[in-house]
Amino acid sequence: MRGFIKTLFGDARNVCTAAICVAAGAALLHTPAAMLAGFVLPVALLAGAAHLAKH
Amino acid sequence: MIGAIVATFLTASVEWVEAYTILLAVALSIGWWRAAGAGLAAIATLGVLTGLGSVGLAHIGDVRILQFFIGFFLILFGVRWLGKAIARGAGLRKLHDEGAEFAALRARSDINEARAAWMIAFNGVLLEGLEVWLIVVALGVQTHHTLAAAGAAVAAALVVLAAGLAARAPLSKVPENTIKFTVGCGILAFGTFWVLEALGYAWPFAEFSLLLLFGFNVLGGLAVTRAYKMRPV
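From first to last, the protein sequence lines stand for chains A and B.
So the first sequence is numbered by this note's numbering: it starts at 4 and just counts up by one.
So the second sequence is numbered by this note's numbering: it starts at 26 and just counts up by one.
Looking at chain B on its own, in the form it has when it is part of the complex:
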């Protein structure tokens, strides 16, 4: 359960930092109250989606089908985040730059139009929050701690909000790639474990195998990053 909550908190932190950049850019055009209104509307939509997703998944009667379904989703998510983090760590892709994102948003021609700016904020927070929703529902339902996972996502939002209010600027010092790498390794470990268990595989060390899988992903991911750095492709 602790692993699931930590993974949710870290995932949410990265996504909320990106959502905060969007809200900040929009707030400079239409004011904090309207921008915050758009953000809250998006978060309310995500809350409804979380409820619907949890109830929908809980109705899947066969535990193994549910476990396979959730595990596969986590693999989709984890392999993508790990791949991105490796590419950025090895210099194959630019690191995500909140300052540049902020400047690009401010340069948009429609950001000074109230309705368009509101939609930019709403869509931005909704899309960034979708990955948080996925992790909250997947890890929450599978570990039977959906409320705790949702609480971790809300706690991450509060931490980012507090940091944002203090900085009044894009949060560009957050080590996003390191967090993405760690979360990718963790989520991939959960996905691998649950998919094979759902297919009838008996893991040699039961749940302790999760830690071994995480360690393998971290060491393997670092080795691949190093190999790509030494021999650019």
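Bound conformation, chain A alone:
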């Protein structure tokens, strides 16, 4: 079961990284700078992938 869940979602660090990036993108959509979300989310996710690569 553990292998099943880890295969589908990854570990806790992976889930937190993705959730924080998406939450940041979603929050940005509710500000006057909403149009920047399409630039900020990809950059945040790339930074997330770089973080996961190191850990």
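Please keep in mind that the hints were generated in silico from the structure rather than gathered at the bench.
You may find that some hints are simply not true.
As the list claims (entries may be wrong) - In silico DSBU-like pairs for lysine-lysine, Cα to Cα no more than 30 Å straight-line: (1) A:Lys9 x B:Lys119; (2) B:Lys198 x A:Lys57; (3) A:Lys9 x A:Lys57; (4) B:Lys119 x A:Lys57; (5) A:Lys57 x B:Lys254; (6) B:Lys198 x A:Lys9; (7) B:Lys254 x B:Lys198; (8) B:Lys198 x B:Lys119; (9) B:Lys254 x B:Lys119; (10) B:Lys254 x A:Lys9.
Unchecked claim - To be clear about the criterion: a stretch of chain B counts as covered by chain A if any three or more of its residues have a C-beta under 8 Å from a C-beta of chain A, and this derived list gives those stretches: (11) 185 to 191; (12) 228 to 234.
Note that the structure is a prediction, hence the values are computed from the model and not measured.
Backbone N, C-alpha and C fix where the C-beta goes; we use that ideal spot for every residue, glycine too.
Fit chain B to the given chain A structure using the hints.
Quick look at chain B alone, frame taken from chain A:
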């Protein structure tokens, strides 16, 4: 649709190569017929899961909730694969070695016991296939081409099987990390696009933005890999 099918085919290729290594190791102990039986049982289970997953997701009435849900799953998957590929490309982690995996499996004490070996093959193929299932259901449901995506996964299985039968050895020459990097970039692009669209964001170039996102992920991923190589962490 073509992007979804290519992504499914590449994802499935990587996973089926790993599944083939497990089947080969088990087949040397309990024979090809039993090992193939375990593999087929796992694939049948994945087929049932694909059907259930597709029907379950199709019952989510709100298209935006479905799109967000699928997009987030793809981000989880894509960011993990891209992170792994960057780490391996930069030398922070060992490259996946099918030969070493095969040797480790052959060294297991329980691989010569028929029932245990059957379970190793079944569980191995099932776990490797889960990521294929995820991609088939997520990309298939969202693009309304589940059958085409499933067909791409089956085609990848046939290609790997043919290569395996020809080689009769672990398929260690498959450029797994390059494929993982490419698929990670593609899946992350799909996930990013659908999550923000589900939240009401209007992408500047509509679906063409998918290509731009893919290009950004590839160039960014290569730049990060290079930076980690030059300045080891």
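Right, here's what the structure says about each hint:
no.: 1; hint: A:Lys9 x B:Lys119; verdict: holds, 20 Å
no.: 2; hint: B:Lys198 x A:Lys57; verdict: holds, 26 Å
no.: 3; hint: A:Lys9 x A:Lys57; verdict: holds, 19 Å
no.: 4; hint: B:Lys119 x A:Lys57; verdict: holds, 13 Å
no.: 5; hint: A:Lys57 x B:Lys254; verdict: holds, 12 Å
no.: 6; hint: B:Lys198 x A:Lys9; verdict: holds, 27 Å
no.: 7; hint: B:Lys254 x B:Lys198; verdict: holds, 23 Å
no.: 8; hint: B:Lys198 x B:Lys119; verdict: holds, 15 Å
no.: 9; hint: B:Lys254 x B:Lys119; verdict: holds, 13 Å
no.: 10; hint: B:Lys254 x A:Lys9; verdict: holds, 28 Å
no.: 11; hint: 185 to 191; verdict: violated (count 0)
no.: 12; hint: 228 to 234; verdict: holds (count 3)
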